[in-house]
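There are 2 protein chains.
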Amino acid sequence: MAEEEVKVFRTWSSPFALRVIWALKLKGVEFDTVYEDLSNKSPLLLKYNPVHKKVPVLLHNGKPICESLVILEYVDETWPQVPLLPQDPHERAMARFWAKFGDDKVLPSIVYGILFKQGKEQEEEIPKAMENLQFLEEELKGKKFFGGEEIGLVDLALGWLAYELGIFEEVMGLKLIDQQKFPQLAQWIQEFSNVPIIQENWPPRDKLIAKFAACREAALAKAGL
Amino acid sequence: MAEEEVKVFRTWSSPFALRVIWALKLKGVEFDTVYEDLSNKSPLLLKYNPVHKKVPVLLHNGKPICESLVILEYVDETWPQVPLLPQDPHERAMARFWAKFGDDKVLPSIVYGILFKQGKEQEEEIPKAMENLQFLEEELKGKKFFGGEEIGLVDLALGWLAYELGIFEEVMGLKLIDQQKFPQLAQWIQEFSNVPIIQENWPPRDKLIAKFAACREAALAKAGL
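Top line first, the protein sequences correspond to chains A and B. Read the first sequence against UniProt numbering and you will find it ends at 225, with the numbers running on by one and no gaps. Read the second sequence against UniProt numbering and you will find it ends at 225, with the numbers running on by one and no gaps.
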């Protein structure tokens, strides 16, 4: 194992890359990190991810794997210690379902529906995002993490919510999740953020605030809002 | 096994539901079928898929599974005969990658980019769709199926392409895949369509043509094209 090559191509801010970093650290897998500048992508990134040209890429003994949820499954199959997916096929399916729901519905409804909008256009989108969060709230009932007593694949996939949602809220001056509306989610944000490996790897908050404020401004300008 | 309840909620036309039908038939799993009318969804569909309210849903011994790619993984784990995913973790990751690419990129670039557009708007989108198809073309090099010598998860996920693309082409009067531009894909369409279980389960071609012609007309009218 000492001879293994494990390398993660990431950026300082990508929440998708962070999933992979967290997974490898939770499993105690040693790896090297390559920081990419997406405005000037390295030849290696373009070689390893010619389809999407994005981070994260996991390079394992010369073989690249792309797409963060695909990488998480690969990591879980390759290093089975500290499992991310449950053993039971139905529970595995439910984990895959919620991870996909997070990426396909929750994330776009919050980022494109709310963060990148304002005024009437934003108000119209809020109910959809709230409905999505309500599904997560219900999924968490009776559980500490989406994975149960321990962090699992869904927790890593939704991890951005635990940190970036607060940043979005600050950038917009608008509160989306609170103790009253979403007690389970609010509790989960606390529990998840308290896990040392999660906490230690968040990107700097000030830098993220500046980044998302700029992204929001650009998106609003583009949409003429 | 005789006591097992296996039920698929589908529509007559959904290519996503068809993946599940094919997978179960390839594996020789017996199942019941519930045909849904999406303009008047059944209480059971809404109960089993409260998040997306869509087909397919697989019901197995009382437990629902939603999202066709998630269902395919569940089917593969539950009935391991005639495997859909390879054994090797890297090959499994690549299969998941291409299945996701099909849904996230190939399908929207063809349906929303080309079928639901015309004129200048359509012309602008064609290069993106062609680039996506070129990635599939390269992935097929030296292989009969995406899964190698046998049909696998990626073949089922991209199965719509083998049948509906020809229907889209007929509806639009525009040829996208031919022997010269995409020899591997053209060959794959033949090979895949020749598999009895695939062929026997296609929806009626005339009905699909009428359906997509109507969808296209509605989409063009909505976009003012």
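By construction, these hints were calculated from the structure, which means they are not laboratory data. No experiment lies behind these values; they were computed from the predicted model shown. Hints may contain errors.
[Said to hold, decoys possible] Derived contacts from chain B toward chain A, CB cut-off under 7 angstroms, selection only:
1. K63
2. E67
3. V70
4. E77
5. T78
6. P89
7. H90
8. A93
9. K100
10. Y112
11. L133
12. F135
13. L140
14. K141
15. F145
Ideal Cβ placement from N, Cα and C applies to all residues, glycine included.
Against the structure, the hints come out as follows:
no. : hint : in the structure
1   : K63  : holds, 5 angstroms
2   : E67  : holds, 6 angstroms
3   : V70  : holds, 5 angstroms
4   : E77  : holds, 4 angstroms
5   : T78  : holds, 5 angstroms
6   : P89  : holds, 4 angstroms
7   : H90  : holds, 5 angstroms
8   : A93  : holds, 4 angstroms
9   : K100 : holds, 6 angstroms
10  : Y112 : violated, 15 angstroms
11  : L133 : violated, 12 angstroms
12  : F135 : holds, 6 angstroms
13  : L140 : violated, 14 angstroms
14  : K141 : violated, 14 angstroms
15  : F145 : violated, 20 angstroms
When the structure is compared with the earlier hints, violations turn up for hints 10, 11, 13, 14 and 15 and for no others.
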